[in-house]
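**Student:** Take each chain as given, in its own frame, and dock them per the hints.
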Amino acid sequence: MDPTQLTIAEASRAVADGSLSPVALAEGYLDRIAALDGELHSYVLVLRDEALAAARELAAGRSRGALHGIPIGLKDIYKTRGIRTTAGSRRYLDHVPEEDAETWTKLRDAGTVLLGKQETHEFAIGGPDFTLPFEPAHNPWNTAHYPAGSSSGSAVAVAAGLCAAAMGSDTGGSIRGPAAYCGIVGLKPTYGRVSRRGVFPLSYTLDHCGPLTRTVEDCAIMMQALAGYDPADPGSAEVPVPDYRAALSTRLDGVRIGVIRHFHERDAVADFGSSSAPTPTYIAAFDAACRTLESLGARISDLQLSPLIDYVDANRLIMISEAYALHEKDFRERPQDFGHHMFARIGLGAFLSAADYVEATRQRRELCVEFARAIDGLDLVVCANSTGPAPPIDALPTFGTVERASYTGPFNLTGSPALSVPIGFEDRLPLAFQIVGKPFDEAGVMRVGHAFEQATDFHRHRPAIADSLA
Amino acid sequence: MPSPISAERFAILVEQAGLKLTPEQFEELRQAHQFVERMQRSVRRPRDRAAEPAHIFVHPRA
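Those protein sequences? They're chains A and B, same order as listed. Going by our numbering, the first sequence opens with residue -17, and the numbers climb by one from there. Going by our numbering, the second sequence opens with residue 23, and the numbers climb by one from there.
No lab work stands behind these hints: they were computed from the structure. Misleading hints may appear alongside valid ones.
What the hints assert, rightly or not - Okay, the calculated beta carbon distance ranges per label pair:
1) B:Ala29 / A:Arg316: 50 to 56 angstroms
2) A:Thr125 / B:Arg71: 28 to 34 angstroms
3) A:Gln286 / B:Arg69: 19 to 25 angstroms
4) A:Ala270 / B:Glu37: 34 to 40 angstroms
5) A:His77 / B:Glu37: 29 to 35 angstroms
6) A:Gly255 / B:Ala29: 23 to 29 angstroms
7) A:Asp409 / B:Asp70: 26 to 32 angstroms
8) B:Val80 / A:Thr125: 44 to 50 angstroms
9) B:Phe48 / A:Val340: 42 to 48 angstroms
10) A:His77 / B:Val80: 29 to 35 angstroms
11) A:Gly0 / B:Pro75: 54 to 60 angstroms
The beta-carbon is built from N, C-alpha and C at its ideal position, and this holds for glycine as well.
Just chain B, same shape as in the assembly (with noise of 0.2 angstroms):
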């Protein structure tokens, strides 16, 4: 299990969000940003540039 973002820096990043959260909120979204390391992790890997997203611009109907 590694160890949560520290206090001081999730605090910044929960300032950068423009949310206000109870210090209740605060720590639960600290103690499970853990997730959301593990799926940045995850869905970074050497890709070949050209390798394009799922969803790309397509025209719509008139």
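The following block holds chain A by itself, in its conformation from the complex (with noise of 0.2 angstroms):
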């Protein structure tokens, strides 16, 4: 058996039973991206050499736990000591921080072993941008596909078997957009819940930091390392972490669910135009995963909230006002540095004003209320994630940013936690859908997209590429 092939869960096991070393855990990852990067480019720096050495001492070492051993990577907006971190920007080409992000810190304490770096979006907004030095990662379903991002490498690495799991960082729905159209599970969690100490910031408010793996077990897997308290992060919320996979189940009885159903169906087209209506085959598979989980004992209804685009411009004037205070002095000075999409996105933030700014966070504030109401008397709700499958990675307008529907950043803005779990093809892409919970309670999110996930097969698919050296 390939080692590679297995999840989270399973070589942590064979690594406890003595059956697998963590040595030939990362020899296996790190031949497959040497055969396979060059045609997907995740990575924008492997650490061969380092990872192994780290793999020979866990090996040597006592057991750390259920990530002892496991290879994963790093989006490259997250510092680490002495290895260089790019934010995907030719600002930071050379950059070697002196520090490492908290959630670095965490993970490898916890006995991951770090494999590389990975493919971003310019500063997590400006890509896929063909003008800078790193080329984009490639939809490993179809490489003349977008595999989303902005944490494009991470999902691709992923979904192609080049890492066990990611890290990767959502503003507007940068872990659950890849994720989706990479058919792997990305976990946005609770504003607080997981440090963004040390990550290069897009957005201060809204910027979160969580996981991408290939199944929901191995998420909480991850998240039991990556959830807490952090002093030094303004943003962090001292609130008692759970046990994430002992609330796994398969079933779901009387759990209270709602649908929202108008983002996609009514909104999206009335808001934003045709170039967003949601296909016939999502639409279809949308319904069909509601009605998996009315099989599994969920109760199932209708949720009704404010247009999709009161929550979506809230969410991208916040951002984009906060993205332009950080970067402006070098749009002033060194717009030669940024590449096109990162230019031509967060510059729109210089026509913004304060009042502008203010008026979208008493915004935020009202929805965050109406949405807190709304699943009050629910235990968590289900929601479109991208309503079609990736499109041609050389397809995207450059605006698509702000002129399209997002069905993600509406839980940015009210900080919730949302998982993407696939529920489908459509032209042999993913699908997905989001499963979304009330602050803090990762794990009823977790334990409703794993129990779907066992009652369905979407998981199991993997894209071709992957089993190309099985």
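**Tutor:** Dropping the structure here:
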């Protein structure tokens, strides 16, 4: 058995019983990267020698738990001490941080092995941009297609079997979008649940760090190491961390789930135009997924919120304003350093005012209250994710980030935990929906995701390239 | 589709922002200014004066 075909849960058991060495596991992934990543471009830096040294040390030491010897990757906005961290930008091509991201410290302490740094859209917003030094990552299901972003390299690597798990970041959907298009699991935890310290910011009040994995159980294992209070992150929350894996279940009896249908069935086209229309196949897959939840014992009801555009525009206005403030000096003094998409998308922030920003944050509070009240009589909600298959990578409009509907941005605005889970395929490309919970109820969200996964087989499908060396 | 902001008016906004744009960047951002206007309209609505922003000042821990 090729050890890179194993989930984290399976590899962890094999490492624990001695049938699999962390060194063999790391070598397996590194060989796959060498063989396949020339086509996929998911890594911007491979740390072969460092990874093998770390694996040897772990093989000789005592077990650190479920992540002992598990090879992972980090989106190249996570700072790594002594290891180049570029944020996908020319500005930081030679940047070698002196500190680690808190999340990487936690994962390293938990026994993971860092295989390398993974391709990101420039500063987690400007991509896919073929004018930048690093080629954008390609979708492993069809390399002519977009894997979504900005955690593109991380999602591609997980889906293609080039790491067991990866870390992404999510300000408007940058974990959940790539998870959807690549057919894997991606969790944006509650704002404050996972430290952002040492991760290049895009938008301070909307940024979230979280894992991308092949299964929900693997996501739970990663979250056990990642969750927790960080006093050095001003947004971090001091909330107890439950046993995520223990909360997983195959039944959902009595779980009350609200379904937000009007976002994709009505609002997308009404407010953003026909280019945002969900495909008929997507609508059918979403409805079938809801029926599956019902068959597992969940009580399903429709949920009505304000129109999607109210959430999306507030999210985008805040994000662009905060990102522009962060980069304003460089926009004025060294604009040539930015890639085309980053400059165009965040450049719009030059034309927003302080009053615009304050109004957006007032709207944010109103919508957060609305969502909290709507979900009060429920346990969680489900909502569309990207409502069709991945488009060709060379056919993406520069301003798609503000032009088109987004089903993920609303939950950056509310700070809610939101999990993307595969629900089907269209044109041999994956489809997904989101499971969204109450603040700090990642356990509830993963419980539903795991039960859905066990009742279906979408997560077992892998792109042909993932099995090409098996 | 609303008409884009005039080149004359947009040039003033660009100057106020302190940006130096190439002709291509100027035209691209001018055409995209409609999205800024949409977002501005979208977040402006009648509100009670006491309606507070989502994030308010909190004292940092020492």
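**Student:** Against each hint, give a clear statement of whether it holds in the structure.
**Tutor:** The hints, checked one at a time:
Evaluation of the 50 to 56 angstroms hint for B:Ala29 and A:Arg316 yields a failure: the beta carbon distance comes to about 25 angstroms. Distance hint check for A:Thr125 and B:Arg71: the Cβ-Cβ separation is about 54 angstroms, which falls outside the suggested range of 28 to 34 angstroms. Under the hint 19 to 25 angstroms, the C-beta atoms of A:Gln286 and B:Arg69, about 21 angstroms apart, fit the expected range. About 55 angstroms separates the C-beta atoms of A:Ala270 and B:Glu37, a value inconsistent with the hinted range of 34 to 40 angstroms.
Restraint check, A:His77 to B:Glu37: a C-beta distance of roughly 32 angstroms satisfies the suggested window 29 to 35 angstroms. At roughly 25 angstroms, the beta carbons of A:Gly255 and B:Ala29 sit within the given window of 23 to 29 angstroms. Between A:Asp409 and B:Asp70 the beta carbons are some 49 angstroms apart, a value that contradicts the proposed interval 26 to 32 angstroms. Judged by the Cβ atoms, the range 44 to 50 angstroms given for B:Val80 and A:Thr125 holds: they are separated by roughly 47 angstroms.
Distance hint check for B:Phe48 and A:Val340: the Cβ-Cβ separation is about 28 angstroms, which falls outside the suggested range of 42 to 48 angstroms. The supplied range of 29 to 35 angstroms is met by A:His77 and B:Val80, whose beta-carbon atoms lie about 32 angstroms from each other. Our hint of 54 to 60 angstroms for A:Gly0 and B:Pro75 holds, since their Cβ atoms are close to 56 angstroms apart.
The structure does not agree with the numbered hints 1, 2, 4, 7, 9 stated previously, though it agrees with the rest.
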